[in-house]
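Engineer: Listed here are the chains, written in short residue letters.
Protein chains: 4
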Amino acid sequence: MTLTPEQQSEIDAQRASGTTTLRATAPGMEQHLYTAIPVLDHGFIRVIDYMGDDAAITQAARVSYGKGTKAVSNDEGLIRYLMRHWHSTPFEMCEIKLHVKLPVFVARQWIRHRTANVNEYSARYSILDREFYIPAPEHLAAQSVVNNQGRGEALSGEEADRVLRYLRDDAMRAYDHYEEMISDVGQQGLARELARMNLPANIYTQWYWKVDLHNLLHFLRLRADAHAQYEIRVYAEALCEVVRDWVPFAYKAFEDYRMGGATLSSGALECVRRMLKGEEVTQENSGMSKGEWREFMGVIEG
Amino acid sequence: MTLTPEQQSEIDAQRASGTTTLRATAPGMEQHLYTAIPVLDHGFIRVIDYMGDDAAITQAARVSYGKGTKAVSNDEGLIRYLMRHWHSTPFEMCEIKLHVKLPVFVARQWIRHRTANVNEYSARYSILDREFYIPAPEHLAAQSVVNNQGRGEALSGEEADRVLRYLRDDAMRAYDHYEEMISDVGQQGLARELARMNLPANIYTQWYWKVDLHNLLHFLRLRADAHAQYEIRVYAEALCEVVRDWVPFAYKAFEDYRMGGATLSSGALECVRRMLKGEEVTQENSGMSKGEWREFMGVIEG
Amino acid sequence: MTLTPEQQSEIDAQRASGTTTLRATAPGMEQHLYTAIPVLDHGFIRVIDYMGDDAAITQAARVSYGKGTKAVSNDEGLIRYLMRHWHSTPFEMCEIKLHVKLPVFVARQWIRHRTANVNEYSARYSILDREFYIPAPEHLAAQSVVNNQGRGEALSGEEADRVLRYLRDDAMRAYDHYEEMISDVGQQGLARELARMNLPANIYTQWYWKVDLHNLLHFLRLRADAHAQYEIRVYAEALCEVVRDWVPFAYKAFEDYRMGGATLSSGALECVRRMLKGEEVTQENSGMSKGEWREFMGVIEG
Amino acid sequence: MTLTPEQQSEIDAQRASGTTTLRATAPGMEQHLYTAIPVLDHGFIRVIDYMGDDAAITQAARVSYGKGTKAVSNDEGLIRYLMRHWHSTPFEMCEIKLHVKLPVFVARQWIRHRTANVNEYSARYSILDREFYIPAPEHLAAQSVVNNQGRGEALSGEEADRVLRYLRDDAMRAYDHYEEMISDVGQQGLARELARMNLPANIYTQWYWKVDLHNLLHFLRLRADAHAQYEIRVYAEALCEVVRDWVPFAYKAFEDYRMGGATLSSGALECVRRMLKGEEVTQENSGMSKGEWREFMGVIEG
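Chains as they are written, first to last, in UniProt numbering: chain A, 1 to 302; chain B, 1 to 302; chain C, 1 to 302; chain D, 1 to 302.
The reader is advised that the hints may include incorrect statements.
Reference listing, derived: stretches of chain C covered by chain A, where coverage requires no fewer than 3 residues with Cβ under 8 Å from a Cβ of chain A [said to hold, decoys possible]:
hint, stretch
1, 143 to 156
2, 284 to 298
Here are the computed lysine to any residue pairs in the SDA-like style, where the Cα-Cα straight-line distance is at most 25 Å [claimed, not checked]:
hint, chain 1, residue 1, chain 2, residue 2
3, D, Lys277, B, Gly291
4, D, Lys277, B, Arg273
5, B, Lys252, D, Glu292
6, D, Lys252, B, Asn285
7, B, Lys277, D, Gly278
8, B, Lys277, D, Asn285
9, A, Lys252, A, Gly298
10, A, Lys277, C, Val299
11, B, Lys277, D, Glu292
12, C, Lys277, A, Gly298
13, D, Lys290, B, Leu276
14, A, Lys252, C, Ser286
15, A, Lys290, C, Val299
16, A, Lys290, C, Thr263
17, C, Lys277, C, Gly267
18, C, Lys277, C, Glu301
19, D, Lys252, D, Arg80
20, B, Lys277, D, Glu295
21, B, Lys252, D, Gln283
22, B, Lys252, D, Val281
None of these hints come from the bench; they were simulated from the model. Only a predicted model underlies this, so the values are computations on that prediction, with no experimental measurement involved. Every residue, glycine too, gets a C-beta built ideally from N, C-alpha and C.
My request is simple: use the sequences and hints to build the entire structure.
Structural biologist: Below, the structure is given as structure tokens:
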């Protein structure tokens with residue numbers, strides 16, 4: 001992560017200036033505010049603002065005049081009930097705003113989640129910084145041989161060296177030419193909106209991203225999953241820690257019912273019932289395809 | 001407006017309990033928090049939470065590390081520029097959460113604005129209160145004779161009396177029967193989810209409604225407009241005052257460029273240009289239909 | 001259901017006028033087009049238009065130049081894979097447009113599904129018809145004694161008679177007064193936008209509703225569920241038949257993985273694993289609450 | 001534009017296979033279906049499907065049982081009224097599905113329009129083609145000296161040559177390395193999801209994009225505007241022609257009230273009124289900033 005001294009001092013200034021509010025306040029989030037949580041080699045996540053806490057979820061579910069219940073245990077029970085029964089609207093009553101610095105190819109995956117608000121740094125208007133994501137050696141993975149959309153072991157030896165050299169050299173050369181093309185010293189200077197097209201997808205961009213808790217949890221379910229690409233998963237994992245500190249009851253329910261849970265098809269449920277009656281169920285007599293059966297075994301065997 | 005002593009004391013308790021926060025705080029909104037602003041005969045708007053202030057808009061537009069600019073004048077200039085050029089995403093970075101009590105027929109118009117989060121009081125689960133909107137005599141308006149979707153003068157005399165009597169008596173009788181049908185004293189008691197169907201559309205409901213500033217301003221442009229139905233317009237007008245206290249620069253820009261502005265068609269602009277050159281332009285030589293010309297005259301003559 | 005002869009002849013005219021198109025066409029849907037499928041006592045669903053078929057789902061998933069695969073079995077396999085792994089965007093590539101006539105209290109539940117397009121008949125502009133939903137005796141249910149949000153046995157005897165009488169008489173009286181208030185014979189006539197407030201929630205309204213297949217399936221999962229209120233469930237069930245005729249592969253996958261499937265929490269999965277190893281698991285040693293355990297037993301026992 | 005013979009023959013096959021439908025059919029769109037409309041050097045737009053026509057807009061606005069009105073003139077008048085008064089929901093009742101091939105930096109602007117459905121070619125799963133956008137000499141523009149977010153004159157001479165050489169050579173080298181890195185000949189082969197990060201933003205991607213007419217017109221208003229970047233504007237302009245052929249009344253109203261119209265602020269309207277009374281209004285006595293006044297003059301002088 002690279003923060004300039006000016007950026008760090010702006011962050012420090014914001015962390016120094018508390019005021020009094022009557023709004024719901026989450027102590028765990030006050031600790032996070034503004035501070036940059038490092039992700040990848042130059043990226044970060046910063047919590048810029050938040051709205052609501054665990055009690056705000058139950059308060060909305062009850063359309064109540066005051067806070068949530070007096071008894072904290074009731075709040076937790078209700079939150080678990082809401083999560084278990086897919087009542088999503090009370091979770092939409094909490095909101096978070098982040099400042100994220102991330103490689104462009106990660107940003108392109110991230111933006112597919114449409115129910116969020118985004119303001120991205122404009123490369124039409126401004127000049128991008130010379131910062132590129134270069135994978136650490138242990139994350140320089142080979143194409144998976146079993147999954148077209150996955151990765152296998154880390155590359156090694158000379159192949160790894162060559163890949164890293166290509167990534168670094170091509171990025172540096174592309175940026176050198178970017179700078180040279182937009183320069184107005186002794187020439188007209190290419191428009192920024194055109195020059196940016198020379199930059200590769202591992203360059204870093206940044207944006208403000210604002211989302212409600214329901215949609216954030218949906219994002220985390222997909223992107224903190226083991227099948228997500230490593231480079232977005234580390235952002236999702238860092239966010240999981242933030243959410244845990246923000247709304248601990250909701251996060252615990254999310255872990256139990258979403259991240260740690262699994263959806264079984266009608267066929268898979270029927271197999272479980274047969275197994276519990278002592279019947280020997282195999283892929284052949286399960287009615288499932290090989291792919292489904294393998295996934296089912298993964299769930300059943302833990 | 002009807003708040004029970006318990007409700008009022010819950011509100012008082014929330015207004016008494018300030019804590020320290022590092023988040024952006026809008027002093028004008030802290031004054032509003034939790035307090036019920038009366039609307040119509042039994043309705044209200046209460047601000048439950050908010051995120052951001054004027055500086056948060058420019059901060060997001062710049063994707064900056066610190067607050068908005070030091071110079072307040074710069075923030076205002078940028079906000080006006082963003083509003084004028086329809087840059088909507090920075091305004092989406094502020095959020096507000098309201099508790100609203102409103103008649104069902106108003107709720108049905110309100111909910112058409114889909115880009116918002118809603119939790120409504122459940123009449124499947126709970127029992128509705130005996131509270132109905134009965135128009136004040138000056139708002140008991142006749143059907144407009146020029147506009148199929150509008151209203152004219154207030155009714156008067158015996159007709160007004162009869163209408164008010166119908167509205168009151170039918171509401172009371174419907175509620176008496178609702179109570180009688182759901183009662184489980186000496187009978188099974190009809191399911192609440194069915195009994196509610198007997199209640200007329202002027203009964204009050206309530207909900208938590210959360211929306212970002214961009215979509216709220218869009219709502220206000222349509223619903224605080226002179227052509228909106230009076231009963232939703234008063235909610236929109238009350239909300240306008242809240243927004244003015246929350247983000248004064250953004251609200252001023254909204255007044256200038258949206259509420260007080262007008263969109264002219266290519267044909268209307270051509271007429272303005274001809275008029276400014278001294279030409280006499282009439283409906284006949286304007287190329288506009290009578291309806292368009294009447295609207296155009298309304299804009300040009302102010 | 002009540003269609004006037006004029007309405008029926010408009011429908012007949014539309015069914016008589018085929019044209020040639022190069023677009024994807026679903027034979028099962030051509031059969032449904034325009035025809036009113038009756039729901040409840042006066043309601044209906046009519047398919048007005050549709051876009052796409054099963055092949056359009058795989059075509060979009062592959063971003064292909066031509067149709068889906070030649071081999072139909074491949075299309076089905078891919079659709080099942082997409083459904084199983086929650087790849088929602090290919091299902092968004094099909095769209096349906098419906099004309100629905102439904103009681104207002106059902107419309108109020110329905111509209112909570114926000115990711116859809118709606119045009120509702122305007123009671124500000126037009127006069128509503130004298131049509132009210134009156135439950136059939138077998139659906140006149142008592143409040144559930146175990147579930148605050150459900151219903152139990154049907155009412156019987158004198159109680160049922162009285163409830164039906166209240167519902168019918170109150171509706172008729174409210175409508176009589178509605179008509180009398182808006183009449184301009186010998187009086188000014190109350191504005192329609194006000195008079196409608198006297199009408200109860202079992203009056204029928206109608207709308208055009210357009211939605212993509214992914215969001216439609218989400219709607220059906222929640223509203224064709226056994227816990228949904230009967231009066232919206234019958235609409236969902238009628239729609240299920242339509243979808244089955246439209247995209248048979250997608251509907252079959254939906255039945256297997258959504259409607260007939262179940263999501264198990266991490267704790268529930270752990271219990272299944274212990275059971276399969278022969279351990280006796282009870283609510284007490286399961287780590288689940290009584291409510292969760294009851295739901296878990298319902299899933300495991302089928 | 002580069003279509004392989006296989007792609008072209010798939011397109012030809014689809015254009016050859018008409019079937020009968022009872023749905024609304026737009027003759028102008030049947031002409032466009034599947035055919036690739038070239039945009040930029042390798043890009044295109046293909047209409048894959050559409051729902052509705054001009055009559056479908058008025059049919060939804062009226063919630064009618066049959067088609068739109070018999071008199072075409074009534075349909076057009078109503079469509080113009082709806083457009084003029086910002087009634088957006090009837091326009092949402094038409095839908096279009098496109099296959100678009102476009103450079104990544106254009107795709108990144110395009111995707112900001114969130115109310116649409118997208119399936120993009122996956123560079124995690126598949127290998128991208130060696131196709132890059134290289135601007136034609138007349139579009140190789142210098143940075144604007146008056147507008148931070150715009151472009152000025154075309155580059156010339158040796159500077160132009162150098163820029164084109166950089167763009168071409170860097171793209172080719174990046175792609176050579178991309179191919180070399182993912183190759184599994186004699187090495188493990190880098191994962192595709194990683195190798196793609198080496199590719200610059202002028203590489204072409206493709207997606208299926210589906211949107212309703214209201215949101216499409218909003219997209220066109222912003223992206224067919226003179227201030228939009230040239231490389232996205234040409235896509236928007238090609239789409240304008242498609243929409244004109246699809247819904248001619250709606251497109252004409254869009255041209256008159258949106259593309260050719262202008263929104264004047266309350267201050268600007270006041271200036272127009274003063275001018276029409278013969279007063280001499282200047283920037284100094286207008287109450288407008290210099291920027292606003294310049295824009296206002298642009299509107300008034302045409």
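Engineer: Could you tell me which of the numbered hints above are not met by this structure, giving the numbers in increasing order?
Structural biologist: 1
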